[in-house]
Amino acid sequence: MADTTETLPLTADKGRFSETLERVRRSSEYVVMPILALIVSGILFSIFLFALGKSPVDFFSLVWRGGFGTSFSWQNTLARSAPLVFTALCVAIPARLGLVIIGGEGALVLGGFAAGAIAIPLIGVVPSYVLLAVMLLAAMIAGGAWIGCVGALRHFRGVNETIASLLMFYIAVSILNFFVEGALRDPSDPNKPSTAPIGSENMVGFIPGTDVHWGLVVGILLCGLLYLLMNRTTFGFAAQIAGGNLRAAQAQGLPVGKLVVISCAIAGACAGLAGFFEVAAIHGKANASLIAGYGFTGILVSFLARHNPLVIVPVAIFLGGIAASGGLVQRRMDLPDATVLLLQGLIFLVLLVSETFYGRLPFFRSKGAL
Amino acid sequence: MGDDTGLMTVLLAMFAGAIRVSTPFLFVSLGEMLTEKSGRINLGLEGTLVFGAMSGYAISYHTGSPWFGVLVAGVAGSFFGALHGYLCKLPKVNDIAIGIAMMLFGTGLAFFFGKAYIQPSAPRLPALSLGSWSDHPGIRQALEINPLFLLGVGLAVLLWWALKNTRYGLVLRTTGDSAPAALALGINVNLVRLLATTAGGFLAGIGGSFLSLYYPGSWTEGLSSGQGLMAVALVIFARWNPIYCFWAALLFGAAGALGPALQSIGISRGYHFFNAAPYILTLLIMIVSTSPKRSLKGAPGELSITK
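Quick note, the sequences are listed as chains A and B, same order.
Heads up: the first sequence at position 300 corresponds to 300 in the working numbering, and the numbers run straight through without jumps.
Heads up: the second sequence at position 290 corresponds to 290 in the working numbering, and the numbers run straight through without jumps.
Chain A with its partners taken away, still in its complex shape (with noise of 0.2 Å):
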């Protein structure tokens, strides 16, 4: 007690230092902690492989080679992870108000959908500009409309707002395949159903001198723009607020309900746009390939970033490196497709039990609160 009050006078300037050091060493914890995790889980598959029988050092070397190692597998990577990018703020954003989504793949699915079926009759008619700009307005309504009204369920009829979601999941495919393979099915595609393909000349290009379209482009934007909107402005702050403490949001006189919905609705619009870059950048129609697992690893992405729209984007590439490296682990080590599935699964406990170390590390807490 008698040091502290001596020794401050004394050394103001030394006193900012360290507690600038104490701040930064404070705030790591929340860099650290999750590559911790990584490493954790990384450890624990390698357990697990070692097990089986098959080399870790080969599996994630594999990984490495197949995810980041030459240009090919970062373009690869890169096209992979902008939807990631989407989907992952799909969740982050109701987070911030407590609410759990994980149905994001059927706002995704319900996008790609629509803007799929709204080209059909303007395909050839409106130039092609038009044409995509109706496309990714018609699938973000879509895919906000059915998120927000998850949201809107959630507030004003209390249902939980993860298992409507993921419920909604089901009934997206449900919608997609009954079109798909009836009213809006290309009877020229004998292959897989399909609406009609909107042409390569209407597609949205790649970045020049990559294979990676500019779904990415539009995604790193769109977490800047959301962070922005989530930590500079008052609908933010008042989210932030509704999420800490909904009593408390509701005696301050907040509109809990609108910022709910709105939340959720910005989320659908954010999972949307990823499906809207499946049909207009890769797939050129919407079918079944757009229900390919995104939805579901944008909610590790999301928590991997701590619901940070910033960190998001790293993140998002990272697993997205992992994804992409399946093809390559699957062929080399004759291990199942579903290993990258298995390893997501392994990340997301040993993030998840991370959080209960969080202020506990000693390396972490700070020494005046000893």
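Simulated from the structure, these hints should not be mistaken for laboratory data.
Bear in mind the structure is a predicted one, so any value in this text is a computation, not a measurement.
Some hints here could point you the wrong way.
To be verified - In silico contact screen, one side only, chain A against chain B (beta carbon under 10 Å); selected entries:
# : residue
1 : Leu153
2 : Leu184
3 : Pro187
4 : Pro190
5 : Leu229
6 : Glu355
Said to hold, decoys possible - Listed next, with one range per pair, are the computed distances between beta-carbon atoms:
#  : chain 1 : residue 1 : chain 2 : residue 2 : range
7  : A       : Asn231    : B       : Ser291    : 47 to 53 Å
8  : A       : Gly98     : B       : Pro91     : 17 to 23 Å
9  : B       : Thr9      : A       : Pro255    : 38 to 44 Å
10 : A       : Ala248    : B       : Ala181    : 25 to 31 Å
11 : A       : Ser55     : B       : Asn190    : 37 to 43 Å
12 : A       : Gly124    : B       : His136    : 55 to 61 Å
13 : B       : Ser291    : A       : Phe72     : 50 to 56 Å
14 : B       : Arg269    : A       : Pro56     : 48 to 54 Å
15 : B       : Val157    : A       : Ala248    : 24 to 30 Å
16 : B       : Ser291    : A       : Leu225    : 35 to 41 Å
Backbone N, C-alpha and C define an ideal beta-carbon position, used for all residues, glycine too.
With chain A's structure known, arrange chain B on it following the hints.
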């Protein structure tokens, strides 16, 4: 007249379907009910169900004994349940998020080891033919009942009785309603929840083995399609009452049988919507049965999902 027999066929198929399809729902929902009664929620039962289906099928294939497969599926499920229960016990760990992770992990593990069992055919569970009194082939088929269904019905009654009348039931209910009250009574809250989650996992594993060993009767990756999660909604609908769980499971089974039943009489239009009937039904039920204003009757007070 033609319409009449068509309707009869559909109704009979739905009745048969209700019995056939409801069994996994019944087991998972009873398991989820036990877990939720202890004040915790396990969304990971979806993964448990899928893993139970895979392991039950694999064991039945290797040992030739489907009943041993059922047992192993249950034991595997209880490991998942115990893991979930243990992880949720840690401070600051969110049980809903852990459930989602366990769902991914369980399905990942099942798909990983299940690749080898997609092709081979394992011995299935036998059925009891209770319909031999009838000449009608539809009725006979409808009354081909699997012993697991009867076991599930018995279990529902037993749980209903035990929750009401035994000391264990009281301990479980107290733990779920108020952890402080349970602590004051000298109950080890974490232990009760761990055991309840483990038992819930056991039942979900058995429910899963029914999927691969009886109906639809083979191991495929798209086998469960959200049944474990629907069980969570089903338990809310059933107001945490085992007997209502049984009726709700029958209702879900009938809804699930609607699509195939209509297709069997040649109505294939809207097939995908009829297949989505269980999900739509679940959602509607949740909308109707929950309320933001009051807590639900029979809801365990500690349960995060209804708070």
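| Checking against the hints above, which ones are violated? | 2, 3, 4, 5, 7, 9 and 15
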